[in-house]
Amino acid sequence: MSETPEQKMKHLDEMTCLLYIERQLDRARGLEVSAHTQECDVCRTLLRALERESRLLTRAMLEEEEPLPSRLAQFQERARRSLQWIWGVIFGLAATGAYALYTGYIQPWQVKLEEAGFGGSNLLNLLIFQGGLWKGWQSMITLLEVLAMVTLAGLGAIFFRRRIRRGSALAMVFAGLCALMALPAPASATEFRKGDQITIGRDEVIHSDLYVAGGRIRIEGTIEGDLIVAGGDIEVSGHILGDVLSSSGSVRMTGQVDGNIRGYAGNITVKGTVGRNVMLFGGDVNIDRDAKIGGSVTVFCGHHTLDGHVGRDLLVFAGQVTITGSVGGSARIKGGELHIDSAAQIGGPVNFEGDDPPEVSPQAKLASPVHFEKRQHGDDYRSVHYYVWRMIWTAAFILFGMVLFLLTPNFAKETVRAGEQFGAPLGLGVLVFFGVPIAAIIACFTVVGIPLGVLAVGIWLLMLCTAELIVGTVVGTWILGRGENTWDMIGRMALGFALVRILYTPLAQVHVVGALVGLGIWMWGMGAISIAVYRRFQPMIAFGGPPAPVAPPLPPNTTVGGPLPA
Amino acid sequence: MEIFMKLKGKLGQYDLTRSFTAWLYKVAANHCWDTLRRRKIRQDKETDDLENLPLEHPDPSQLQQLIEQRTSEEVRKALEKLGARARMALVMRYYSDMSYDEIADALGVRRAFVGVVLLRARHELRQALEGSAALAAGGAL
Numbered sequence: 003m004s005e006t007p008e009q010k011m012k013h014l015d016e017m018t019c020l021l022y023i024e025r026q027l028d029r030a031r032g033l034e035v036s037a038h039t040q041e042c043d044v045c046r047t048l049l050r051a052l053e054r055e056s057r058l059l060t061r062a063m064l065e066e067e068e069p070l071p072s073r074l075a076q077f078q079e080r081a082r083r084s085l086q087w088i089w090g091v092i093f094g095l096a097a098t099g100a101y102a103l104y105t106g107y108i109q110p111w112q113v114k115l116e117e118a119g120f121g122g123s124n125l126l127n128l129l130i131f132q133g134g135l136w137k138g139w140q141s142m143i144t145l146l147e148v149l150a151m152v153t154l155a156g157l158g159a160i161f162f163r164r165r166i167r168r169g170s171a172l173a174m175v176f177a178g179l180c181a182l183m184a185l186p187a188p189a190s191a192t193e194f195r196k197g198d199q200i201t202i203g204r205d206e207v208i209h210s211d212l213y214v215a216g217g218r219i220r221i222e223g224t225i226e227g228d229l230i231v232a233g234g235d236i237e238v239s240g241h242i243l244g245d246v247l248s249s250s251g252s253v254r255m256t257g258q259v260d261g262n263i264r265g266y267a268g269n270i271t272v273k274g275t276v277g278r279n280v281m282l283f284g285g286d287v288n289i290d291r292d293a294k295i296g297g298s299v300t301v302f303c304g305h306h307t308l309d310g311h312v313g314r315d316l317l318v319f320a321g322q323v324t325i326t327g328s329v330g331g332s333a334r335i336k337g338g339e340l341h342i343d344s345a346a347q348i349g350g351p352v353n354f355e356g357d358d359p360p361e362v363s364p365q366a367k368l369a370s371p372v373h374f375e376k377r378q379h380g381d382d383y384r385s386v387h388y389y390v391w392r393m394i395w396t397a398a399f400i401l402f403g404m405v406l407f408l409l410t411p412n413f414a415k416e417t418v419r420a421g422e423q424f425g426a427p428l429g430l431g432v433l434v435f436f437g438v439p440i441a442a443i444i445a446c447f448t449v450v451g452i453p454l455g456v457l458a459v460g461i462w463l464l465m466l467c468t469a470e471l472i473v474g475t476v477v478g479t480w481i482l483g484r485g486e487n488t489w490d491m492i493g494r495m496a497l498g499f500a501l502v503r504i505l506y507t508p509l510a511q512v513h514v515v516g517a518l519v520g521l522g523i524w525m526w527g528m529g530a531i532s533i534a535v536y537r538r539f540q541p542m543i544a545f546g547g548p549p550a551p552v553a554p555p556l557p558p559n560t561t562v563g564g565p566l567p568a
Numbered sequence: 418m419e420i421f422m423k424l425k426g427k428l429g430q431y432d433l434t435r436s437f438t439a440w441l442y443k444v445a446a447n448h449c450w451d452t453l454r455r456r457k458i459r460q461d462k463e464t465d466d467l468e469n470l471p472l473e474h475p476d477p478s479q480l481q482q483l484i485e486q487r488t489s490e491e492v493r494k495a496l497e498k499l500g501a502r503a504r505m506a507l508v509m510r511y512y513s514d515m516s517y518d519e520i521a522d523a524l525g526v527r528r529a530f531v532g533v534v535l536l537r538a539r540h541e542l543r544q545a546l547e548g549s550a551a552l553a554a555g556g557a558l
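Chains as they are written, first to last, in this note's numbering: chain A, 3 to 568; chain B, 418 to 558.
So that you can see chain A by itself, here it is in the shape it has in the complex (with noise of 0.2 Å):
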């Protein structure tokens, strides 16, 4: 290290270090150190040096006193020589798991996507990279405001490192973060407009991409780019030359859209026309009468009205579905209930996969009878193959696992040692569980907040994947003990798993219990990766960090230990 003496005196000592993480100094010394160790890296270093000192020590000693019971010792040993064979049948069953994963679903969805117009893109890159977002960035974004918005994220990082223990400073950062995004740049070929009542009359043309926010938007007027728009009530009845995004409670699509519509709402009516593809999850969906869309049609939802007219084919989600248009293409429908009405036409094969067969009116034009297939819920139990697929799957899952825990194996042990205290992993994760969803609900109304909250949810959908490994890793630990390193620790997230699994295939027949047993699971796990997650971020060693005692505090101004530097 290149410090003068003069700096070196400023540190704190070890004594006092030590001292201050057994809580034994008073409490105007320990306000000093905690002062400290916020500006000195150095000390910070040492302090956290120093805990992790202490736990080692006392995991040490507990270990040696709670020796294997003999028959898991032996478990153990055996389960140590025929690893080969275990790992070999994990991958097997982890790559039948993978192959029917991308068979079975993924493969069928890139099918799908491609028929609705997506080029094969996934998800990801249909909202960032090819979607009107990605153009919208691409304008908004000059070099300079990528230069100024990675300075502020690289301070805000600093910043929250040491003060992340204030929830406020955390929301200040990001909200800054937000209202940098939100901000219109002059020169820039995007815009933006923020209200609670906002109108593009009739005159009006926009010559870039527009995005929206606001309460009640009309859009009349004319948008050369994309139209990006978040809001309580949206009605564009204008001429949108792009693509539209959407979201909002309400939405009604009376104008002309040159390119695609993907949006989600609770109703939405789409009147116009539209010369793509249209994607949309919502409540109600209602494709009116008047509406011809160029493209296909993939919807989400609860019910599903289509009395317009579809270029290409249609894919529906939905508890009802009734349809009195025509479909140029194959439709493909799975949902309770569907009703084809005497004026309907579909051109290609119809398969519906539902709870009651299709009332179908023998007016209706199709170009063959509708393919029912009744729908099963849940799974069935009572089959073999339900059992494979569970072996199948705990593999893929434990392969999942293994390579994270490679990845990260600091954070890996740091998570397991959070789940085991049960108590407040579980607390957090009720938190986690039901918070994250929510706000990234929230930013996604913010329109620039949509980057935000998409990856809200895919940091939680990966913590929802996580969490049951997690959980399987702390039973497997109470089992045979804490592990000396990555391989043990996987080791054991293998047989904890396989064990959570196989108690709880019983019990997810009972749909109360195993639907509880199983959010328990998914919080517990969450909890204790955001405990872990938020350790990371402390800058400083929380209280009691070892089992230690809690001494009672000296009284005020008592000396203790040596004498402390300046």
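Where hints are given, some of them may not hold.
With a straight-line Cα cutoff of 25 Å, these simulated DMTMM-like cross-link-like pairs (lysine to aspartate or glutamate) come out [as the list claims (entries may be wrong)]:
hint	chain 1	residue 1	chain 2	residue 2
1	A	K415	B	E490
2	A	K294	A	D260
3	B	K427	B	E491
4	B	K498	A	E237
5	A	K415	B	E491
6	B	K498	A	D235
7	A	K415	B	D518
8	A	K415	B	E547
9	B	K494	A	D260
10	A	K12	B	E491
Bear in mind the hints are in silico, worked out from the structure with no lab data behind them.
The hints should help you fit chain B onto chain A, whose structure is shown.
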């Protein structure tokens, strides 16, 4: 066994207002000191040298590295190499969860010196760990 026999005899002397654990350790420790004294290899129990402990600032990153690289097994082996006082102090604090007052009572030192004893014990432990690492490295060559 001898300690338990001694405990049985001294049970009447136990002051109910004080910590039983600390008393237990104190009896056990005193018995050990007596045994060592009899063997004339008793280690220095006085605390004069404690005040001379240098309060240096160790290199935090090196310390962190040392801790991260060590397993529980290595720590246990290193603990065995420590002096009786150092080992006892660490065991009382990090295994038995004893407070500084209880440790002071059991070790027969002033409370203010418990921190120093613990710090010195940690230093000894680090030296033992470093020594075992050096030995391992030498053995590997």
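With a cut-off of 25 Å on the C-alpha distance, tell me whether K415 of chain A and E491 of chain B pass. At roughly 19 Å apart (the allowed maximum being 25 Å), E491 of chain B and K415 of chain A satisfy the hint.
Is K494 of chain B within 25 Å of D260 of chain A, Cα to Cα? Violated, at about 75 Å.
So if I understand the rule, the pair passes when the alpha-carbon distance is 25 Å or less; does K498 of chain B with E237 of chain A pass? Violated, at roughly 79 Å.
Under the criterion that the straight-line Cα-Cα distance not exceed 25 Å, is the pair K415 of chain A, D518 of chain B satisfied? It is violated: about 33 Å lies between the C-alpha atoms, which goes past 25 Å.
Within 25 Å, alpha carbon to alpha carbon, are K427 of chain B and E491 of chain B? violated, 37 Å
Is it true that the CA of K498 of chain B sits at most 25 Å from the CA of D235 of chain A? violated, 75 Å
Given the proposed pairing of K294 of chain A with D260 of chain A, does the C-alpha separation stay at or below 25 Å? Cα-Cα ~11 Å, so holds.
Given the proposed pairing of K12 of chain A with E491 of chain B, does the C-alpha separation stay at or below 25 Å? violated, 34 Å
K415 of chain A and E547 of chain B: Cα distance at most 25 Å? holds, 24 Å
If you draw a straight line from the CA of K415 of chain A to the CA of E490 of chain B, is it 25 Å or shorter? holds, 17 Å
Checked against the numbered hints given earlier, the structure breaks hints 3, 4, 6, 7, 9 and 10 and satisfies all the rest.
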